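Listed here are the chains, written in short residue letters.
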Amino acid sequence: MYFILDLLLLGCINAIMAAGVNLQYGYNGLLNVANYTFTAIGAYVAGVLTLGKAPQGTSWIGGWSLPWYVGLLGAGVAASLAGLIVFLFSIRRLRSDYLAIVTVAAAYIFYNWATADQGLFDGGNGIFGVPYIFGGSTITTNEYAALLLIPTGAILAICVWLSRRIFRSPFGRLLRAVREDEVVVKAFGRKVWHSQLKIYTLGCFMSGLAGAMFVFYITAWSPSAFLPGESFFILAAVIIGGTGNYWGGVLGAFVVVEGLNELTRYLPNFGYPADFGAGRVMLIGVGLLLVLRYRPEGLFPERWLHWYERRPVTLPVTLRRRPLPTAVTDAEGANR
Amino acid sequence: MTISSGEDPKTLLEIRDVGFHYGGVWAVRNCSFNLAEGKVTGLIGPNGAGKSTLMEILSGFLRAAEGGIFYQGEDVTRVGPVGMASRGVVRTFQDTRLFARLPVIENVMIAAGDQRGESAFRSMFWRRSWREQELGLRTQATELIEWLGLSSHIYEQAGTLSGGQRRLLEIARALMARPKLLLFDEPTAGVFPEISQLIATRICEVAEQGVTILVVAHNMGFLEKVADDVVVMAEGKVLARGSLDYVRAHEEVVAAYLGMPRMSKPVGE
Numbered sequence: 001m002y003f004i005l006d007l008l009l010l011g012c013i014n015a016i017m018a019a020g021v022n023l024q025y026g027y028n029g030l031l032n033v034a035n036y037t038f039t040a041i042g043a044y045v046a047g048v049l050t051l052g053k054a055p056q057g058t059s060w061i062g063g064w065s066l067p068w069y070v071g072l073l074g075a076g077v078a079a080s081l082a083g084l085i086v087f088l089f090s091i092r093r094l095r096s097d098y099l100a101i102v103t104v105a106a107a108y109i110f111y112n113w114a115t116a117d118q119g120l121f122d123g124g125n126g127i128f129g130v131p132y133i134f135g136g137s138t139i140t141t142n143e144y145a146a147l148l149l150i151p152t153g154a155i156l157a158i159c160v161w162l163s164r165r166i167f168r169s170p171f172g173r174l175l176r177a178v179r180e181d182e183v184v185v186k187a188f189g190r191k192v193w194h195s196q197l198k199i200y201t202l203g204c205f206m207s208g209l210a211g212a213m214f215v216f217y218i219t220a221w222s223p224s225a226f227l228p229g230e231s232f233f234i235l236a237a238v239i240i241g242g243t244g245n246y247w248g249g250v251l252g253a254f255v256v257v258e259g260l261n262e263l264t265r266y267l268p269n270f271g272y273p274a275d276f277g278a279g280r281v282m283l284i285g286v287g288l289l290l291v292l293r294y295r296p297e298g299l300f301p302e303r304w305l306h307w308y309e310r311r312p313v314t315l316p317v318t319l320r321r322r323p324l325p326t327a328v329t330d331a332e333g334a335n336r
Numbered sequence: 001m002t003i004s005s006g007e008d009p010k011t012l013l014e015i016r017d018v019g020f021h022y023g024g025v026w027a028v029r030n031c032s033f034n035l036a037e038g039k040v041t042g043l044i045g046p047n048g049a050g051k052s053t054l055m056e057i058l059s060g061f062l063r064a065a066e067g068g069i070f071y072q073g074e075d076v077t078r079v080g081p082v083g084m085a086s087r088g089v090v091r092t093f094q095d096t097r098l099f100a101r102l103p104v105i106e107n108v109m110i111a112a113g114d115q116r117g118e119s120a121f122r123s124m125f126w127r128r129s130w131r132e133q134e135l136g137l138r139t140q141a142t143e144l145i146e147w148l149g150l151s152s153h154i155y156e157q158a159g160t161l162s163g164g165q166r167r168l169l170e171i172a173r174a175l176m177a178r179p180k181l182l183l184f185d186e187p188t189a190g191v192f193p194e195i196s197q198l199i200a201t202r203i204c205e206v207a208e209q210g211v212t213i214l215v216v217a218h219n220m221g222f223l224e225k226v227a228d229d230v231v232v233m234a235e236g237k238v239l240a241r242g243s244l245d246y247v248r249a250h251e252e253v254v255a256a257y258l259g260m261p262r263m264s265k266p267v268g269e
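Taken in sequence, the protein lines are chains C and S. The first sequence begins at 1 in my numbering and counts up by one. The second sequence begins at 1 in my numbering and counts up by one.
Extracted from the complex, chain S is given alone in its bound form:
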């Protein structure tokens, strides 16, 4: 039985029996778990477990074929990416997706919501209405870029950055949107350990400010630093949830990762 959304005041997002299939092949099925407000939850699982598909569903890019998603008590199962973003759900991508020909600072500034200067009329004929806001955003973006150690690249085209710098820029861009729920899809994939360390530190600092974070990662050392608890997925389902030590010792998790036959022990915390 699932908990009704809204009963637990600390639940920001509830995923209830969610399922999604690609042409008949179920990538996610009967997937249920909650995200507590202000916590960092790790999402791990072997390749093909459905983690990235779940991220797509949560950010509104894919629509769940069954089950429901409740965000702050509201049913958002059928809400698209624009609607999710306007509710404060912001994501990064597994393969970094930047605006390659835009400078780093513009990549960050674009993420801020409610920009008055995005009106075509104002942009051409009424600059005074947005100029101050623009300067404020520019200062914020500059500070964010400095905070993530990219200040020497601030005016470079994003396409010229290295893999680790791209990850940092994606994080800066996501934070510029003032998220309530951050979905990180493998933020340290292919990243130099020092930058991975910086990312972990920054994620912890952001979480301390009260942002709820769901982070997909394969790097257990990274998750140890950032995650309050971990959800393990395999074959589209949740296998286990708990502390990293707990899931490490979980027989079904070990079996899923190492490809051994399943144990009959019931799944759960």
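Chain C with its partners taken away, still in its complex shape:
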């Protein structure tokens, strides 16, 4: 039972991360290779906000024993701010292709900073003893996982709902247009980086929320939990699931991160345990290659979401316009 709960809970957390990455990469083409770093920032901030003072021999900032929902919100805000800083260092000055490189640098900088700075999050030891958000100390691990599934599932549902709303809106259309060709979007009078900034920070916010739920679940966080390579799994989940499709990331998170990672436990063991772990990563790599080769749009392609094809235009008569070209027929026309 615990195995299933654990699988569902981690699947939901990964799916929240994937929803954030899908907003950035799937909708807008911003390759965020440091997505797991923003999750880590969220986890640390949620941890130190809800934890009490650091015990003897350890040290971390915060320690104010705030309610869990404050920690959750703080995690999202902190991850967004970190995303904002990374974005301002890269996008404003470089083309978005280079964001990937800048985010890798940011991931290593934060990883080394968190490891080396004892006063921040207790360096390599990390934070521990994050209180359960439900049930106090009497609750069993099983019960806690079951209860935690409710807010985690709710957050995932909200993230997918927001992604869906964005996709169906003119803002979503603008984001996808920027992904396709920034130059043309500029030629139609849009400041490309405005939309990129908004979606990038929103994606980081979701990663931060995922980090908070993660630390509320495992109750500890340290640099070993967010090795820079971890981001690869979330990116792989989004690509395999289907970039640009809000269901794709969720599917990918469950299939790739949970499915491949967990179901391979049942494979016959061989060699050293380290070999076995490497074998799982290789399996994900092969899966990624196969999807890119045979289904480059992912398992759930974006084009499946072209919802308006089935929706007739039902306009009030007052909104109907005269036949086009409308370019100059109204008061703001070219003759002015």
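Hints were generated in silico from the structure; no laboratory data involved. Given the structure is predicted, the values throughout are model-derived calculations rather than measurements. The C-beta atom is built at its ideal place from N, Cα and C for all residues, glycine as well. Among these hints, one or two may not hold up.
Here are the in silico distance ranges between beta carbons for each label pair [stated by the list, open to error]:
id, chain 1, residue 1, chain 2, residue 2, range
1, C, Gly124, S, Asp95, 47 to 55 Å
2, S, His21, C, Leu81, 38 to 46 Å
3, S, Gly113, C, Ile218, 19 to 27 Å
4, S, His21, C, Leu88, 27 to 35 Å
Given chain C, put chain S in place with the hints provided.
Then chain S, alone, in the frame of chain C:
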């Protein structure tokens, strides 16, 4: 001597001694001419004449190294593409640039300006504020697509269209932006004659509505149909301007096209 912007009320755009160089090689130099409001002006010249560079400068993607550009009397020499677009200057591209994975209708709808639903907050939490506008835009886009003969492809991904259909879609997208000045960069390049004919017809219809159009083209038959007059460029400069018949008979133009030595006759109308 150039005419001061604003003196002639019919001048929409004035290009005054504009120059631009790529790392020391001048692509456009001492280029001057005006665009009269509501007219279609053809821009022709041999390869490397600087036509496309001039289009880039006029749409704000390149900044003139010298000279000035005046749009409705305003100096827009240092205005970028976003600023030019907001002033009603809309362009198409020499190599069609579409949003390949977006459906045709979205390619057109994106061009409309002042879309309330492009706010992140409104898109998520306040749909009512933009829904009616969106439906209106959708109707307009549908009509434009029909007008250009693409209605059977309206929900297809733009990347699946043929070369001629892509050109038509670019035109639809440009018109959706409600332009005052349209810059067409070779709208009939690589296009089937029937579609080329349709494009010519539509351009004439748009011009009749008062939109000013500058069109780069190599197809003289096409220009004969659409252009009121023609500017000829060679080696970054304006060689001649006038009716198509006039420039056809112009010795320097003939020399530039056929690669013969230049005559000493002064350039001008």
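Structure-based check of each hint:
| no. | hint | verdict |
| --- | --- | --- |
| 1 | C:Gly124 x S:Asp95: 47 to 55 Å | holds, 53 Å |
| 2 | S:His21 x C:Leu81: 38 to 46 Å | holds, 43 Å |
| 3 | S:Gly113 x C:Ile218: 19 to 27 Å | violated, 49 Å |
| 4 | S:His21 x C:Leu88: 27 to 35 Å | holds, 32 Å |
Violated hints amount to a single one, hint 3; each of the other numbered hints is respected by the structure.
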